[in-house]
Amino acid sequence: MLQNYIPILILFLLAAGFGLGVVVISMFLGPRRPDPSKLSTYECGMEVEPGARQRFDVKYYLVFMAFLVFDVEVVFMYPWAVRFQKLGLFGFVEMLIFLLILLVGYVYIWRKGVLEWE
Amino acid sequence: MNFQMADLQLLAPHIVVLATALLVLLAEAFCKGERKGYLAYLGIAGIVVAALLTPRLFGPQRLGFSGMLAGDGFAAFFYFILYAVGILTLLVSQNYLRDERFEHGEYYALVLLALVGMMLMAGATHLMVVFLALETMSIAIYALAGYFRTERSVEASLKYFILGGFASGFLLYGIALIYGACGTTQIYDVMAYFKALPALTSSPMALAGIGLLTVGFGFKVAAVPFHAWTPDVYQGAPTSVTAFMATGVKAAAFSAFLRVFVVAFQGTHVEWSGVLWVLALLTMTLGNLTAIAQTDVKRMLAYSSIAHAGYLLVGLVVGTPEASSAMMVYLLAYAFMNIGAFACVIMVGRYGQENTSLDAYAGIGFRFPALGLAMAVFMFSMAGIPPTAGFIGKFLIFKAAVHEGYYWLTILGVLNSAASVYYYLRVIITMYFKPSPDEPAVDGLRVGPSAALATVLAGVGVLYLGIIPGGIIKLAEQAVRFMG
Amino acid sequence: MSHFPYLSTITFIPLVGALVLLAMNRRNVGLIRGWTLAVAAVNFVISLALWARFDPAVGGMQFMERKAWIASLGIQYFVGIDGISLWLVLLTTFLTVICVVSSWGVEKQVKEYMLFFLVLETGMLGALISLDLVLFYVFWEAMLIPMYFLIGVWGGTDRIYAAVKFFIYTMVGSLLMLVAILVLYFLNIKAGNAPTFDLLQLYQLPIAPNVQFWMFAAFCLAFAIKVPMWPLHTWLPDAHTQAPTAGSVILAGVLLKMGTYGFLRFAMPLFPNAAQAWAPFMMTIAVVGIIYGALVAMVQTDVKKLVAYSSVSHLGYVMLGLFALNAQGVAGGIYQSLNHGISTGALFLLVGVIYERRHTREIAEFGGLAKQMPAYATVFLIITMSSIGLPGLNGFVGEFLIMLGTFLTSKTAAVFAASGVILAAGYMLWMVKRVFFGPLDNEKNQNLADLNRLEWGYLLPMVFLAFWMGLYPGTFLRKMDATVELWLSRFEAKREACLELDRPDAAVAFRVETENQ
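Residue numbers (the numbering used here), protein chains in the order written: chain G, 1 to 118; chain B, 119 to 602; chain Z, 603 to 1119.
Among the hints, erroneous ones may be present.
What the hints assert, rightly or not - Ranges of calculated distance between the beta carbons of each label pair, as one might list FRET restraints:
no., chain 1, residue 1, chain 2, residue 2, range
1, Z, Gly707, B, Leu491, 22 to 32 Å
2, B, Thr438, G, Val63, 49 to 59 Å
3, G, Ile101, Z, Arg668, 51 to 61 Å
4, B, Asp561, Z, Ala625, 24 to 34 Å
5, Z, Phe606, B, Leu491, 28 to 38 Å
6, G, Met95, B, Arg267, 47 to 57 Å
7, G, Ala52, B, Asp561, 44 to 54 Å
Don't read these hints as lab results, they were simulated from the structure.
For glycine and all other residues, C-beta sits at the position ideal for the given N, C-alpha and C.
When you get a sec, could you build the whole thing from the sequences and use the hints?
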């Protein structure tokens, strides 16, 4: 039974080997001439802003949460779409209900002003 | 997936409550005005409609949605406990939130959503549905616990969320192992599998699965040693949410606990009852002993709720239909007396000052006779003194335990119950026997019609169950007959 | 069998009265007192009808009422009285009236005070008439609540400690009894009977002696705490000293009797073999209680505490009589419970009288009161004599019967118990001497008023009863003779049946026999 998994193991080893290999090979082959501007973060000529700890507008979080919810929703729709023919009317109605509940949530956040940026 | 329209009947109460929750959410979004307290009544109306649809479920068991959801007396009885919890919570909250300037519709929607989760837990006959229902309930409760956005409230929410997530992990892993052992997660199939394969009762995988499920459920019912979150969360959460958690979550978790252990794992009763025996004893004893040391009423009630989980676990250890019906009556009684007690705690506080320390209660029994009487009734009931609901609950549980020969557990249980009298009486002592200070912390009660109604309903429930419990007991006995 | 539900009527009239009281204005103190007295008095009058219609020739239960309560568990509302409980019921209704009258001076929260008294009466009567174990348990526990409040709210300085101690002591004992009740219930089912908590049916259940031993222990603990028997008595002096006067009266008069009544009604007839096996032990601690109570009473400096410890001693006699297990002993035990209700109740009332005037109960504070309050001193002396068992007064009859019964069973116990009588005379008379005689040297006592009309009103009936019960005990004993006889014959029959439990046909024969009775 375990033999069935051998291809997966091989794939796993290959993938890991390739990833590691590229890094290791470039370490040896690549020319290295470090200078201060190269070593600085984002070497695009700008002064580095000190400290990453700063306040973000709460709107980012809200939008992100909304995005997450509607993004995950799509995950449910893929398998549903694949089996759509088989599920028939029942599946169709069920998905409508699912979307309806999401719609309520959408209307709610819309009315609550989550989507307004200003 | 085969689906019949008849299945909808089993889901009708859930659909109604869910629809009400969405309606409340939309009403919150579209209705003008800051104060949305009236939405509580919309929620209550929804619950009443659901309650009207529920009696049809009593009777022989029907399974729906490919054996995922049951329509039987067991589920229906729990639905009614949860309706009582829901209605009382909404009534209590309405007043409380107005006073605390937090009258938003989301609160009521979250309560209703949690209620749907709880109901699904009671009806679930499939471990995955149990898990999903538990999460539905829990996520709503996490949000409710942090509803006040004060430091303590948020701390309570976060603590509950993190530990709750951890416990869910245990539960899910347990389900996975059971699936590994039995090849199914449908409760009645698991039961049949254990029956057909007696060797399975000694399989490490199945036993590990049962153990992990014990941890998961033990967390939700606040059993020692998985109780550490309880006092902080109960104390930090808004009082109305605490009442909801202590009664609703407990009832729902015990309903699933019962169906999973008593039905699915009945073949391994010998194995798990020993573990639960110890848990029950620890839970009762630790809950009571720690409650004795408390000087804050809300925290005391939190520990007392741990102790009550211990008494309920005694019923689970016994595992007979008699014990299951006893637990159902107990949970109903507990819902009335606990929400009632929390309603009194709310009334004693005022905006920005919760007044939950025991000292604040000095002398209020005579200054506010109605509140004193109500609180006294609830305290006596929690202590299990007749003629109150609490006595009937304990009587039934201990009766079931004696029937199966658990003499020691019963004796330790009643001794615990005697110890618990001490801290319940202390509330009464403070209310009645201590003189009122010259400048009392409580100069008035926040009583609105809804809170008063909730307290009266809870009080009537406690006395009704205490004096004429015959009908309810019979109903509970019939309800478990079709459980499996 | 009468058709009018006398027992339910007297039990629930006080409760209804209490509910009406709830609706009254708390400032209208006169109406509240008057109403409570009216309810208590009406109840007493109805209970007299019970006495008149009680058939002394019947030893079994009378005035029975039976209704299903929690049908699926076999719990019933089943009440009835026999010669044992008849007198305790009358004592309860009588003492409640006396207590309400004696509480006329209570000013603090009168409404709640009277309310709790009426509820207490319902609880006590309910416990005395219940013939269903669960019903009994419900009343037995419910009775604690009003008493707890009476001690805790209207009591003395250490009232909270006393109230909690009283409650938790009683609670621990009774919860273990509850477990034993459940065990009994399932033994009965296992024996093939329908599920029931009906006491009369459970009487007929033969139980193996070794099982009886443990179940008796559980029942015994509950009742021994209530009696209270040494060494479980420590809650009593606290509760008595801290309780308000009327509370002490009811506590001594009725609540303690619940313990002895419990032995008679439940523990002993249900588990006769165990009762007999335990009898030497019980008699020993009863005698220890008698002597211990007397000795401790002797050194008390507080009159009320002295009376409280004398209760421990007196109840020791009652227990001694019951466990003598013969007709004289049991009848004497019952009689002595009634006596104790009257004499000790009256003593507490008398202590209350002086406490109201002087707000102290220290013996050292008094002396020579007989000069200032001759009537009070006379009544006090009569009651003292009744308490120490002077012939012609009630105490004598009970103690005499108990001694007689004890002598037949154990001469040693009788000898020791008799020394208790002498000690009782010692501590009571010494206290009387210090309080009433000698020079009237404390200035505060110079202007004390003698008994007023109200005090006469509640003391005279007590004195009257003390004489009646002492001079003509026949009135009382006649109505309990048949019951005591039946009680003993049942006790013996069941004991023998249980002894032969190994022989399967014996148990069946026993059941047939008792059913024919």
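Self-check item: Index of numbered hints that the structure contradicts, given in increasing order
Solution: Violated hint: only 6; rest satisfied.
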